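There are 2 protein chains.
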Amino acid sequence: MFYAVVLAGGSGTRFWPKSRKDQPKQLLDIIGTSPLIAQTLERLEGLFTRERVLVVTQARQLEGVRRHIDLPEENLLGEPYSRNTAAAIGLAALELKRREGEEAVFAVLPSDHYIDDLDAFLKTLLLAKEVARMGFLVTIGIRPRYPETGYGYLELGEPLLDLGFQGIYHVKRFVEKPDLPTAARYVEQGTFLWNSGTFVWQVQTLLEAIARHLPDLHRGLQRIEQADHDPDEIERIYKDLPDISIDYGVMEKADNCAVVIGDYGWSDVGSWSALAELLEKDERGNVRRGEVVAVDCSNSVLYSDDGLIGALGLRDMVVVYSGGAVLVCPVERSQDVRKVVEKLKELGKERYL
Amino acid sequence: MFYAVVLAGGSGTRFWPKSRKDQPKQLLDIIGTSPLIAQTLERLEGLFTRERVLVVTQARQLEGVRRHIDLPEENLLGEPYSRNTAAAIGLAALELKRREGEEAVFAVLPSDHYIDDLDAFLKTLLLAKEVARMGFLVTIGIRPRYPETGYGYLELGEPLLDLGFQGIYHVKRFVEKPDLPTAARYVEQGTFLWNSGTFVWQVQTLLEAIARHLPDLHRGLQRIEQADHDPDEIERIYKDLPDISIDYGVMEKADNCAVVIGDYGWSDVGSWSALAELLEKDERGNVRRGEVVAVDCSNSVLYSDDGLIGALGLRDMVVVYSGGAVLVCPVERSQDVRKVVEKLKELGKERYL
Numbered sequence: 264m265f266y267a268v269v270l271a272g273g274s275g276t277r278f279w280p281k282s283r284k285d286q287p288k289q290l291l292d293i294i295g296t297s298p299l300i301a302q303t304l305e306r307l308e309g310l311f312t313r314e315r316v317l318v319v320t321q322a323r324q325l326e327g328v329r330r331h332i333d334l335p336e337e338n339l340l341g342e343p344y345s346r347n348t349a350a351a352i353g354l355a356a357l358e359l360k361r362r363e364g365e366e367a368v369f370a371v372l373p374s375d376h377y378i379d380d381l382d383a384f385l386k387t388l389l390l391a392k393e394v395a396r397m398g399f400l401v402t403i404g405i406r407p408r409y410p411e412t413g414y415g416y417l418e419l420g421e422p423l424l425d426l427g428f429q430g431i432y433h434v435k436r437f438v439e440k441p442d443l444p445t446a447a448r449y450v451e452q453g454t455f456l457w458n459s460g461t462f463v464w465q466v467q468t469l470l471e472a473i474a475r476h477l478p479d480l481h482r483g484l485q486r487i488e489q490a491d492h493d494p495d496e497i498e499r500i501y502k503d504l505p506d507i508s509i510d511y512g513v514m515e516k517a518d519n520c521a522v523v524i525g526d527y528g529w530s531d532v533g534s535w536s537a538l539a540e541l542l543e544k545d546e547r548g549n550v551r552r553g554e555v556v557a558v559d560c561s562n563s564v565l566y567s568d569d570g571l572i573g574a575l576g577l578r579d580m581v582v583v584y585s586g587g588a589v590l591v592c593p594v595e596r597s598q599d600v601r602k603v604v605e606k607l608k609e610l611g612k613e614r615y616l
Numbered sequence: 264m265f266y267a268v269v270l271a272g273g274s275g276t277r278f279w280p281k282s283r284k285d286q287p288k289q290l291l292d293i294i295g296t297s298p299l300i301a302q303t304l305e306r307l308e309g310l311f312t313r314e315r316v317l318v319v320t321q322a323r324q325l326e327g328v329r330r331h332i333d334l335p336e337e338n339l340l341g342e343p344y345s346r347n348t349a350a351a352i353g354l355a356a357l358e359l360k361r362r363e364g365e366e367a368v369f370a371v372l373p374s375d376h377y378i379d380d381l382d383a384f385l386k387t388l389l390l391a392k393e394v395a396r397m398g399f400l401v402t403i404g405i406r407p408r409y410p411e412t413g414y415g416y417l418e419l420g421e422p423l424l425d426l427g428f429q430g431i432y433h434v435k436r437f438v439e440k441p442d443l444p445t446a447a448r449y450v451e452q453g454t455f456l457w458n459s460g461t462f463v464w465q466v467q468t469l470l471e472a473i474a475r476h477l478p479d480l481h482r483g484l485q486r487i488e489q490a491d492h493d494p495d496e497i498e499r500i501y502k503d504l505p506d507i508s509i510d511y512g513v514m515e516k517a518d519n520c521a522v523v524i525g526d527y528g529w530s531d532v533g534s535w536s537a538l539a540e541l542l543e544k545d546e547r548g549n550v551r552r553g554e555v556v557a558v559d560c561s562n563s564v565l566y567s568d569d570g571l572i573g574a575l576g577l578r579d580m581v582v583v584y585s586g587g588a589v590l591v592c593p594v595e596r597s598q599d600v601r602k603v604v605e606k607l608k609e610l611g612k613e614r615y616l
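Quick mapping for you: the protein sequence lines, in order, are chains A and B. Residue 264 is where the first sequence starts when you use the numbering used here, and the numbers rise one by one after that. Residue 264 is where the second sequence starts when you use the numbering used here, and the numbers rise one by one after that.
None of these hints come from the bench; they were simulated from the model. A quick note: this is a predicted structure, and the numbers were derived from the prediction, not measured. Check the hints yourself; a few may be wrong.
When chains are identical, the list treats them as one kind, so a pair holds in a single copy or across two.
As the list claims (entries may be wrong) - Cut-off 20 Å, straight-line C-alpha distance, at most; resulting in silico cross-link-like pairs (DMTMM-like, lysine to aspartate or glutamate):
(1) K606 - D559
(2) K606 - E554
(3) K602 - D559
(4) K602 - D495
Construct the entire structure; sequences and hints are all you get.
Now the structure itself:
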């Protein structure tokens with residue numbers, strides 16, 4: 264049995280003002296004409312029937328998610344609290360263990376990433392499934408195209424299988440988001456990959472790794488199993504689960520990690536400037552969407568789904584006008600948009616959050 | 264008799280998106296809490312009764328002007344077409360000739376300028392009135408504080424009267440808006456003044472100068488006098504009046520120009536960046552108005568009377584959010600905002616004009 268578990272719990276402050284508390288990035292149609300989560304599920308259709316796709320999301324986002332996807336209701340798992348990826352994946356693993364037993368394999372996929380080459384993507388998942396059956400915690404690594412400091416990296420270890428057309432390696436180590444000189448060195452060395460946040464493993468491999476490296480989470484999951492679907496009890500237990508990512512809590516510590524190299528035009532679409540890389544540009548390198556009048560502008564992102572943007576003499580700027588709010592920042596600061604959102608929270612400007 | 268004629272015919276594209284076709288700069292409360300035209304009229308109260316103040320404006324702006332001022336209806340002169348300052352001033356001169364005769368003196372004042380020192384301003388007008396009675400076309404000149412390229416200049420000639428406390432000179436010549444090196448030279452030489460667009464003269468002096476230097480306008484005004492208030496006839500005549508400024512059409516050519524130096528903290532408030540000079544700044548040099556959240560911003564103008572502006576990492580930028588439209592430009596480009604407005608016209612985006 265092969266399942267897909269789509270993680271849709273992000274609150275997505277980096278696309279403010281278009282993303283809001285109840286309108287996170289995965290529900291936005293910032294690329295193409297449908298929300299990223301709908302594109303993610305569509306992508307999986309070639310490999311998974313609807314019954315074999317689970318979505319894990321925050322309980323209060325369930326309503327928004329339902330509007331954009333068509334899955335059996337029992338395949339939507341709502342987290343009572345937001346407790347990062349380790350807990351969310353653990354919850355999905357319990358559900359699959361109940362349904363299919365511990366030998367089932369599942370892929371974990373972010374709901375809000377961009378993938379260009381569908382065919383290559385699905386082939387990579389199939390390959391990763393085979394490696395997962397061998398008892399590995401498998402991650403999909405992407406060859407870095409430039410020294411991105413917003414991603415985690417992993418270092419390649421020994422080759423695990425030589426399939427010629429697609430590398431499969433042991434993972435030597437995972438590394439956190441590096442600074443720019445370190446990232447540049449990683450790119451130059453050629454033995455580091457971007458950690459794309461896409462994983463494949465058997466239920467038992469994952470649960471064993473959690474038991475070993477995250478005993479608190481392990482105990483919490485056991486209690487959830489015993490709670491026999493009592494929502495109040497599950498909510499109480501979930502609240503106390505450790506708030507930690509699967510990368511940090513499990514992958515960095517485990518010694519049975521493998522990596523399959525994915526080459527399918529991937530982006531995590533992590534900021535307005537990252538988005539700009541994926542959209543069509545005018546002859547002066549501007550991305551324009553919606554009602555925009557630009558005079559003497561270049562290499563800027565001018566995006567409105569509200570009123571009109573009049574831009575004059577801009578270089579490398581981001582201007583986004585959405586839902587009665589406007590963001591203006593240099594392209595190079597677009598990773599810091601959350602700082603604006605944090606300040607809005609401080610100031611209690613609820614209607615813009 | 265001493266009258267004030269306030270020119271309120273400007274269409275004011277330089278404050279887009281706050282200024283619009285039917286909401287020109289003089290009707291905006293961009294400084295203080297009342298529209299600039301209301302501030303202009305309030306300023307005149309110390310010297311003129313309401314009966315002695317005329318306002319000339321475009322007929323289609325009459326309604327908007329009425330809302331903000333309290334003058335006798337017969338003191339509002341509507342121009343059927345926009346024909347620049349020479350025609351507007353000529354129209355006012357005809358009205359005053361009819362009411363008070365040719366010896367009446369009147370001051371011409373823009374409706375949308377800023378004046379800091381009211382007392383000094385009124386004293387300057389009184390002094391200019393005395394010079395006007397001697398048969399001069401009097402202009403108020405301002406000592407340049409920096410090499411502004413957006414203003415016309417005038418060069419001082421021989422002293423006309425030595426009053427010690429306030430210089431009165433013949434005008435050697437008027438010069439059009441200079442380029443930056445020329446403006447810098449003017450400032451350094453110390454014998455050039457900014458032409459503030461404020462004039463004082465007798466009705467007969469002005470009408471004689473028009474007769475000599477703008478014979479077409481002279482003939483048009485004669486025909487308007489003979490039209491005996493027939494609005495259709497006046498409209499036909501007005502349509503054909505030359506579209507020329509009083510500076511270019513009369514002052515540059517006349518040999519009886521005098522200048523009184525005004526020292527009362529003057530600004531023509533000609534752009535968003537000029538406005539910023541007059542408004543309070545935060546500790547990092549930003550002007551903020553309305554709902555603004557700024558992170559790491561300096562020396563920027565952040566102005567909203569609509570929704571929220573979230574500004575991140577801006578240096579020397581203008582962001583204005585008004586009436587469902589947003590302007591973003593560097594401070595140094597704020598003189599070119601009309602280029603955005605022109606493009607909006609080209610594109611037929613009427614609702615934003």
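Structure-based check of all given hints:
1. K606 - D559: For K606 and D559, the Cα distance is within 20 Å only across copies (12 Å; inside one copy 32 Å).
2. K606 - E554: between (28 Å within a copy, 13 Å between copies)
3. K602 - D559: Between copies only: 10 Å across chains, 29 Å inside a chain, cut-off 20 Å.
4. K602 - D495: Neither, since 35 Å and 61 Å both go past 20 Å.
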